[in-house]
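Here the protein sequences line up with chains G and Z, keeping their order. Numbering of the first sequence is given in my numbering, commencing with residue 4 and proceeding in unit increments. Numbering of the second sequence is given in my numbering, commencing with residue 2 and proceeding in unit increments.
Treat each hint with caution, since some may be false.
Distance windows between CB atoms, simulated [said to hold, decoys possible]:
id	chain 1	residue 1	chain 2	residue 2	range
1	Z	K382	G	N109	19 to 27 Å
2	Z	K92	G	A98	25 to 33 Å
3	G	L292	Z	R386	42 to 50 Å
4	G	K242	Z	R591	52 to 60 Å
5	Z	D480	G	E277	55 to 63 Å
6	G	K242	Z	S680	24 to 32 Å
With a straight-line Cα cutoff of 30 Å, these simulated DSSO-like cross-link-like pairs (lysine-lysine) come out [claimed, not checked]:
id	chain 1	residue 1	chain 2	residue 2
7	Z	K672	G	K349
8	G	K354	Z	K672
9	Z	K796	G	K253
10	Z	K495	G	K99
11	Z	K796	G	K242
12	G	K416	Z	K106
13	G	K435	Z	K106
14	Z	K455	Z	K445
A few chain Z positions that, by computed beta-carbon distances, are all more than 10 Å from chain G [to be verified]:
id	residue
15	G165
16	N275
17	E320
18	A440
19	S444
20	V507
21	T612
22	M724
Don't read these hints as lab results, they were simulated from the structure. Don't be surprised by glycine CBs; every beta carbon is placed ideally from N, CA and C.
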Amino acid sequence: MTHDENINLPTPFSRRRMLQGSAVGFGSLALASMLADESRADSARIDPLDPKLPQLVAKAKRVIFLFMKGGPSHLDTFDPKPLLDRDDGKPLPFAKPRVQFAPTGNLLKSPWKFRQYGESGAFVSELFPHLARYVDDICFVHSVHGTNPAHGGAVLKLHTGSDSFVRPSIGSWVSYGLGTDNANLPAFVTICPTLAHGGINNWGSAFLPAAYQGTPIGNASIPSDQAKIRYISNSNLPKAVQRLELERLKAMNREHQAASGPDPSLEARINSFELAFRMQTAMPLVEDLSDESAATRQLYGMDDPINANFGRMCLMARRFAERGVRFIQVTHSDSKVQWDQHSDLKNGHEKNAREVDKPIAGLLCDLKSRGLLEDTLVWWGGEFGRTPTVEGTNGRDHNPEGFTMWLAGGGAKPGLHYGTTDDYGFYAAEDKVHIHDLHASILHLLGLDHERLTYRYAGRDFRLTDVEGNVVHKLFA
Amino acid sequence: MRSVCWIGFFYIVSSTVFLTNASADDGLTSEQLRFFEASIRPLLVEKCQTCHGPDKQWGALRLDTRDAILKGGETGPAIVPGKPEESLIVKAIRRTGDELKMPPKEALSERQIADLVRWVEMGAPFPHTAGPSKPKHRDPDHWSFRPVIQPTVPQTQNTAWASGPWDQFILAKLEQANIVPTDRANPRTLMRRATFDLTGLPPTPDEIVEFLVDDRPDAYARLIDRLLASPSYGERWGRHWLDVARYADSNGLDENVAHGNAWRYRDYVVSSLNQDLPYDEFLTEQLAGDLLSASDDETRSRHLIATGFLAIGPKVLAEVDETKMQMDIIDEQIDTVGRAMLGLTLGCARCHDHKFDPIDTSDYYGLAGIFKSTRTMEHFKKVARWYENPLPSVEAQSRKASYDSHVAQLKDVIKGVVEKGDASVKSTLPAGDAPATSAQLESKYPDEIKTQLKRLRDELVQLERTAPEMPSAMGATEDAVVDVAIHIRGNPLKLGDVVPRRVPHVLSGQSEPKFDSHQSGRIELARWLTDPNHPLTSRVFVNRVWRWHFGKGLVRSIDNFGLLGEQPTHPELLDGLARKFMRQRWSIKRLHRQLMESSTYQLDSDLGKDTSNQMETDPENRLFGRAELHRLEAEAIRDSLIAVGDSLDRTLGQSLLTVKNRAYFFDHTSKDLTDYRSSRRSIYLPVVRNNVYDVFQLLDYPDAAVPNGDRPTTTIAPQALMMMNSEFVEQCTANFAALIWNDQVKTDNERIELAYLRAYGRQPTAHEVAASRAYLNDVARAFSSTQASPEQQQKLSWNSLCHVIVSSNEFIYVK
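Assemble the whole structure, with the sequences as input and the hints as a guide.
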């Protein structure tokens, strides 16, 4: 594409337009004339989150990102390696990467058996028996690479495209690019996110306006049935009194505004209280699962104590998706070591997989039966995979050189296996997909051109993919 | 690698008019000339010169004159005339090598490749030109690189308005635009504005009355003096500098460990502002305090703490590539110094010549040598550890000495008891039958000695737990002096020429510093920055101060004075202020006085009848014809909420961290260990990168990872939720209501008056009193359906009124 610093691209994303269109900017002329017409003032709310048309043809309207914190092993889940079985205990026959997180020894075969499923014949290990039923809906990408060998860097790279600078999260970019269909809910929510390894920077908007930051619902240390948006309710104040307060507040603010002269930021703040009141009503409706049938709850495994916590998160994700939230992240972060099995791979991965397998299968099934999978892109994976070589006696180290993530729905090609790792699963080999490429492809499915989704900050146009990223068209249906 | 890299972009532009015609005496045959103009020049223009031409010279290469082509770039000459096989450009376009493939995104056609090869075979004939064309970027003559001038004060038609020369500059432009400035703000408004500006706190009712009854002609000047003398001034303006210094109490990024001693730097900044430390000294101490001489321990400590500026940046501490980590840290320091002190984005030049500013990679690596010769890290092994300077302190040393002697004494006593025990055991044993180890001996001690020994040893363990921590501070010290080689495209594995330590050529002017071969060069760097002839240092700082008084800078891109930054709206005024600032020995407090005593500062935000139509002529207020209504910043909002209930703890300084130095803020459990329930001023709350206090996050607190001279004001619904539902606001409201509902205030009307005075600095109107009373009744009635007793209902209704008062726009917007 052509790109020049002097060109102010005529896209919906130029900063100038953003500011003019935003309630926080100083497009005061337009606003002043609107305010002159009191009757119109209320309907004239201009919001940075107003829905925007995508740049390209969009196949997905929203994303559900199932983030497996810690780095699940591709070798033990979706990327079986016969040679790894054969050469168990022998040295890796080629060089390990120059930069590694921890020293590892010889090859370690997977403790789990693989079977083929579905018409696509996808290999899935014993760890994911429920999910295995949906392989024909899934687009596996076996050749993802390029995060970082340490958790912090890798988690940040995965979420923001950068492991060394604070950059907007992918969810913020998506909200910036598309706005939201439901003004009464945040455009970007993250359910029980981890506060370690980048913390809020993983859902932060960095230099994008604050309206695009992710809204956390609880965090990884809080059970999902207690997870709430901060300040969403006030147990000490009866609703009737709160309504009185807001009415009085509005009257006082109007008087103040009349004395101060028209000012868009005063107007925006008056409206923000109205919206907050509506959010306060809308959020509990999403979190209240009482209208879900027993069958649906069972589908997500909520009747089983092992699945109840993550199942609830997945079910909430569907409820947010139904209500027009753009980017919904669900984090699985075990309270001990997450998916980070430097040792005791067998027990650790078994426990983690048991917790997520049924809920994720349930989510796919539920989205499908409601017709939501068509325009909802489900994205699964961790910040890296794990090494085929052993750490200690029974663990695997971090491996950002080649690992598996998968997509489902939202225009991703069902039943596809894209890319490979080498014979032992250490490095991405054929059709490599860098994390920037994956970001570019996800934006593409949402109708966003990663090279045109830019924001001018400190004299430069920034993008999620920095100066990298190629859309992998073969991933698309 | 630094992400401000533009390598990889390739621009295809349409053919542009290029240079001048070839002259007759080039020695080119007409066939050569025809071939060049028909096949080669369009190719070079379209496919190469966007990145290797007048505007940009990626890899230090330009391909728009024969000399430049022969000279080549970082990887050597682009062509060897007559020898295509040896010419880099041919290798690049044939894309045979692994690394050098040009153009990067799209190969040339075979025809184009054949033409270029033929051209090189011909000896690369290139007609002479009138010299390279003038760049549209990288202009070394850019306004901010030129010397600060002494401006002539302009004449104005209105000769009564200006309070001093600065106002003349403002008024002259307003008159040109036919704008009449607004009236002077009324004393009450002015008093509130000045108090928030200088202290970040609302004026108390007493302070308001004191000012309003003061009818001396210099009442306003006295007000400013009083505010500048208040310790709150340093807390307010120190915070502005901490934004610029990307201050934080934790590392953030990947390993979020506590900067347990960063608070010393924060306190240093606050006290430096309160003492009106001249800005040139302030900068010098932060860059090179460890190299300054000090007459006493206290000064020495201050100097060492000041260098925390270089050390508190975010670092990827688990970076596995140690060489990369070291260069990343140096990069962060260069970038911070660039943005904070020079208003330039120097970091861009790590991988390539700056795209817009005339800063080359060699300029960057000249600076990198200074910081590589400086030590801020103990080691780079994962997880890396930053360096801390031990602080000289007689008191701490004597505490340590007394502790050491205590331990030694106790050990002596223990030794004595052991000897006594040994002797008593040995005396009962036959000669030559002594047990081999002391443990075996001890097991045979008489019980009373055993008991005594145990007691003494427990005592020692206890004592050792109380070992005094010796004070230390994050900061800089000297390392081996080195010059750094250019890292081609920022890659530490691909080195080019070594660049001797130096400052960027475009700025060195006549004051190019000479770097001592035995020192890192930070002193020289600081002296160069604070040289009165430096074009940027004073301008950038004066503009920062202007921004915090007027809501926007004279240069609106506060941290960018480069070619992508904005032009100053009032260049002469900026220069005049910068020169005056330096002449007044870089006194920041004197700068405040000048700005605040100007007529411009004292304008009303209310346009009144706006007879000159300001809103249409100058909607963005670029000419400063009016004051601007603005929302308070996060800290001022929180502090006001606490102060309105008179609950603000005014203790100065020290740490509120509950996490030990270098300990993790978060482990894998994601439990938040930080406690923000403090009534101290906001500046003292821990700044935890990756997890900034959510009240602040909501209110546009800056990202503490990069220097920020400006803050946006956004308005989002979650802010309103916080005001409506947070425990914090509820607590502040309760304190406020309790204060209103005290014994001295007798009637409801008086209570309402007191509430308005404390919250808004003014009396309520009769209408507001009546509406408030009606509101109290409504709320009490709403509560009457609950279990609350009539007395509780009354209390709750006052709480509710106070809640509305502090939630309103008037509370957090200043006129």
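Would you say Z:A440 is clear of chain G, with no C-beta pair closer than or equal to 10 Å? holds, 35 Å
Satisfaction of hint between G:K253 and Z:K796, Cα-Cα up to 30 Å: holds, 22 Å
Can you confirm whether the C-alpha distance between Z:K796 and G:K242 stays at or below 30 Å? OK: Z:K796 and G:K242 at ~18 Å, within 30 Å.
Holds or violated: Z:K455 and Z:K445, Cα atoms, limit 30 Å. It holds: about 14 Å lies between the C-alpha atoms, which stays within 30 Å.
Over 10 Å to the closest beta carbon of chain G is the bar; see if Z:N275 clears it. Since the minimum Cβ distance to chain G is about 31 Å, Z:N275 lies beyond 10 Å and the statement holds.
Next pair to validate is G:K416 with Z:K106; report whether the Cα-Cα distance is within 30 Å. holds, 27 Å
Please check whether the beta-carbon of Z:S444 is more than 10 Å away from every beta-carbon in chain G. Non-interface label on Z:S444 holds, nearest chain G Cβ at 39 Å vs cutoff 10 Å.
At the C-beta level, are Z:D480 and G:E277 separated by a distance inside 55 to 63 Å? holds, 58 Å
Determine whether the non-interface label on Z:G165 survives the test: each CB of chain G must be over 10 Å from its CB. Holds, because the least Cβ-Cβ distance between Z:G165 and chain G comes to about 28 Å, which exceeds 10 Å.
Is the distance from the Cβ of Z:K382 to the Cβ of G:N109 consistent with 19 to 27 Å? Distance hint for Z:K382, G:N109 holds at roughly 26 Å.
Quick one: are G:K242 and Z:R591 within 52 to 60 Å, going by C-beta? Given a distance of about 55 Å, which is inside 52 to 60 Å, the answer is holds.
Does Z:K106 lie within 30 Å of G:K435 when you go C-alpha to C-alpha? holds, 18 Å
In summary, the structure is inconsistent with hints 17, 22 from the numbered list given earlier, while agreeing with the others.
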